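Q: One letter stands for each residue in the lines below.
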Amino acid sequence: MKPLIEQSWPRADGRKGIRNTLVVAYLVECAHHVAREIQMPYRERGAHLIGFSGCYPNDYSFRMMKSLCTHPNVGGVLLLSLGCEGFNRNGLREAVRESGRPCELLVIQNSGGTRSTIETGRARIEAILAEMARQPRAPMSLSELCVGTVCGGSDGTSGITANPGIGRAFDQLVGDGAACIFEETGELIGCEHIMAARAATPELAERLTASVEKAARYYTVMGHGSFAPGNADGGLTTQEEKSMGAYSKSGASAISGLIQPGNVPEKGGLYLLDVVPDGEPRFGFPNINDNAEIAELIACGSHLILFATGRGSVVGSAISPVIKVCGNPETFRNLRDDMDVDAGRILEGRGTLEEVGTEIVDCVREVASGKPTASESLGHQEFVLGYKSFSPLGPSCHPTSQ
Amino acid sequence: MAPDTLQLAPQDNIVVLTRSAGAGDPIRVGDIEVKLSALLGVGHKLACRAIARGEKIYKFGAPIGSATQDIAFGEHVHLHNIQSDYLPTYTLEKGREFHSKP
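Residue numbers (this note's numbering), protein chains in the order written: chain A, 1 to 402; chain B, 1 to 102.
Read the hints as simulated data drawn from the structure, not as lab findings.
Here the structure is a predicted model, which is why all the values come from computation and not from measurement.
Per label pair, the in silico range of CB-to-CB distance:
| no. | chain 1 | residue 1 | chain 2 | residue 2 | range |
| --- | --- | --- | --- | --- | --- |
| 1 | B | 31 | A | 223 | 43 to 49 Å |
| 2 | A | 29 | B | 9 | 44 to 50 Å |
| 3 | B | 2 | A | 210 | 40 to 46 Å |
| 4 | A | 369 | B | 2 | 32 to 38 Å |
| 5 | A | 98 | B | 7 | 50 to 56 Å |
| 6 | B | 37 | A | 266 | 52 to 58 Å |
| 7 | A | 349 | B | 55 | 27 to 33 Å |
| 8 | A | 358 | B | 37 | 33 to 39 Å |
| 9 | A | 135 | B | 85 | 50 to 56 Å |
| 10 | A | 7 | B | 9 | 37 to 43 Å |
We put the beta carbon where it would ideally sit given N, CA and C, even for glycine.
Based on the provided sequences and hints, a complete structural model is requested.
A: Okay, here's the thing in structure tokens:
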């Protein structure tokens with residue numbers, strides 16, 4: 001079979017990257033400015049800025065940072081610490097080095113302050129970039145690809161064009177052996193039984209249902225139900241109808257497993273990412289915006305993200321390219337430079353859902369081959385990471401009999 | 001030519017409007033033209049066959065509620081003639097009560 005791309009970046013853990021990004025990561029907000037100053041001149045050469053603002057340590061945030069810094073699209077890492085924050089900076093540096101990537105750590109309090117750390121940091125970046133340029137290349141097949149999906153800035157068109165269009169693309173990708181991830185259990189309230197019927201095993205079906213019930217509880221405590229009055233104005237009548245619109249992003253494949261942020265699917269198939277923390281609500285909303293969800297999909301290994309929008313989100317992301325699938329044809333014309341796929345053309349008689357699904361898969365192939373997405377060309381590199389806590393997943397979430 | 005309505009799955013008994021249209025505007029549901037009862041936006045549902053009271057409403061090929069009254073071909077399908085069949089968790093029920101307060 002013809003490879004998806006000829007020149008991917010193979011990593012020591014067996015995964016392959018479709019980009020060779022240098023990550024500059026601050027480990028507390030106090031190191032954010034220095035990290036940004038170091039990264040900014042290298043933006044065009046593939047340096048992306050990520051980080052964690054909190055001063056208190058947290059297992060989830062450490063796992064996220066580790067997953068992101070050892071993501072297959074990442075070729076090298078520069079860590080920026082103030083010096084007194086709680087983040088386990090040495091543990092992260094060792095984990096990244098063990099993954100075979102060049103990784104340097106600068107502690108501002110030990111490096112002479114802002115000006116001197118920026119200067120040293122840029123010199124380190126030059127060295128890391130030189131090492132990254134020597135990394136070997138290898139072909140990569142579609143079955144080695146991991147794709148995540150998210151929706152944001154939705155309107156009445158999202159559920160009837162962009163989301164089911166992505167569902168059709170997911171069906172094709174899963175059929176070709178790729179791993180595909182959908183998420184946001186809070187948007188699935190009302191279709192959990194329909195979803196559970198697609199689980200690969202009865203045990204997994206129970207876990208899928210339980211994850212949606214957990215989300216319903218959590219969002220109620222946050223003071224937000226899923227069905228809002230504005231939904232009815234947009235023609236949506238029932239909770240299950242609204243959720244089916246979001247759910248349609250997942251397509252029609254069997255669901256292979258349930259994962260948490262930072263879990264990488266071990267093989268191809270369709271996975272539900274449970275983004276809602278376990279236990280009593282503690283740190284606020286599960287994800288404060290779309291980019292927090294995107295960061296979690298990337299931490300699960302997503303090489304690229306399919307983002308469904310109707311009103312028109314413009315965001316991209318650090319580390320993995322974001323493909324914007326626009327459900328509303330008017331939005332597509334108004335925000336043309338920000339969009340990649342015109343799914344709303346279905347509403348104007350210019351194509352079918354199947355054709356949109358195929359167009360999305362074609363776009364995935366091109367972007368994997370190096371073509372920049374709209375948000376990449378515009379320089380979008382949004383990134384958000386907050387606090388969460390999770391209990392370990394049981395074995396029923398990873399069915400072995402498939 | 002741009003369609004007025006879209007059927008999202010073959011087993012659906014509703015279609016969705018592809019654009020806003022005003023009261024009295026002619027709208028094609030399949031090959032048959034009907035007149036809209038009110039101004040409706042993109043995404044609103046029309047029956048694409050006669051639906052009896054108690055029958056399930058199918059959209060995306062999945063049940064999204066049941067008819068609370070007989071619905072004629074071409075009629076607007078919304079809060080006034082269908083209801084949710086979702087059995088919410090106790091907490092979701094609480095959430096709904098909370099949000100339905102004026």
